[in-house]
Amino acid sequence: EAGVAQSPRYKIIEKRQSVAFWCNPISGHATLYWYQQILGQGPKLLIQFQNNGVVDDSQLPKDRFSAERLKGVDSTLKIQPAKLEDSAVYLCASSPFGQGAYSSPLHFGNGTRLTVT
Amino acid sequence: SQQGEEDPQALSIQEGENATMNCSYKTSINNLQWYRQNSGRGLVHLILIRSNEREKHSGRLRVTLDTSKKSSSLLITASRAADTASYFCATSGGSYIPTFGRGTSLIVHP
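Chains as they are written, first to last, in my numbering: chain V, 2 to 118; chain L, 20 to 129.
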C-alpha cells in the first residue's frame, strides 16, 4: 500500500510569512494526526481528525495555526504568521481506526522540515 | 497529558551487542507503543503492547511492560549498524491519542 504522502519536503520562509503543508493519508484511514517535532524532541500532537471532524486540537496554537480535512481524506496545515519558534518538522500520520478499545499503530509520512528565518 | 520519558537519552554500542532502552510514564495507560525514526524520516511503528500484556516479541525486538512500575523496556538483540536511529515510546490513555517521549538516540558502530 502507498504510504502517507507529505509535501513540500522542505520549506524556508521569513518570520511573519505564511506557509501551508499538505498531507495525503493511506487510503481508507479514518484518523489523521498532525505532529510538530522540534529538533531533539519527540513529536507533539497538534491536531487529530477522525474522518473530517476534529477530535482534539487542544495543543494547536489557534491564533496562528489552522488545519482542515475536507471530505475526510487530504489535510492541510497552515501557519499564519510564522514565528521563529515554529521551525520544526511537521509530521502527518494516519491510522485505520478511530478511538476504541484498541489503538492501532500510526503510519507516518516523512514530514515537512520548516525553517523560519 | 501523560508522556513517556525514555532513558538513556543516548546509547552507543558495537554491532552484535544488545541495546536496552527504557520508558517511564506517570499515569495509567491503555497501551504503549515503540517507534523508530531514522534521520530525516518519519517514525516507523515497531511494537504495540496493551496494558494487560507483560511481554511481546517481534524478530530481534522484545518489549516488556510493568504497569505497577509504570515502565516499559525495549530490547534489541544482536544489534546491527542499520539499527542506528532514534527510538520513541508513545503512551495512550483514555483518549487513545499517542503521546511521545523525547526518545533515545542509538548508535551502533560496525
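Any given hint might turn out to be false.
Distance ranges between label pairs, derived from CB positions [unchecked claim]:
no., chain 1, residue 1, chain 2, residue 2, range
1, L, V63, V, L85, 25 to 33 Å
2, L, A97, V, R17, 49 to 57 Å
3, L, T46, V, Q42, 14 to 22 Å
4, L, D26, V, E86, 25 to 33 Å
5, L, E74, V, L40, 29 to 37 Å
6, L, G59, V, T77, 17 to 25 Å
7, V, L40, L, S77, 24 to 32 Å
8, V, N52, L, V63, 36 to 44 Å
9, V, R65, L, I126, 30 to 38 Å
10, V, Q42, L, L80, 21 to 29 Å
11, L, G35, V, L85, 41 to 49 Å
12, V, G73, L, T46, 29 to 37 Å
In silico lysine-lysine, DSSO-like type, Cα no more than 30 Å apart, as pairs [stated by the list, open to error]:
no., chain 1, residue 1, chain 2, residue 2
13, V, K84, V, K63
14, V, K12, V, K45
15, L, K45, L, K89
16, V, K45, V, K84
17, V, K45, L, K89
18, V, K16, V, K84
19, L, K89, V, K63
20, V, K45, L, K45
21, L, K88, V, K45
22, L, K75, V, K45
23, L, K45, L, K75
24, L, K75, L, K88
25, V, K12, V, K72
26, V, K63, V, K45
27, V, K63, V, K79
Rather than coming from a laboratory, the hints here were simulated on the basis of the structure. Built from N, CA and C at the ideal position, the CB exists for glycine as well.
Hint numbers not upheld by this structure, sorted from lowest to highest: 8, 19
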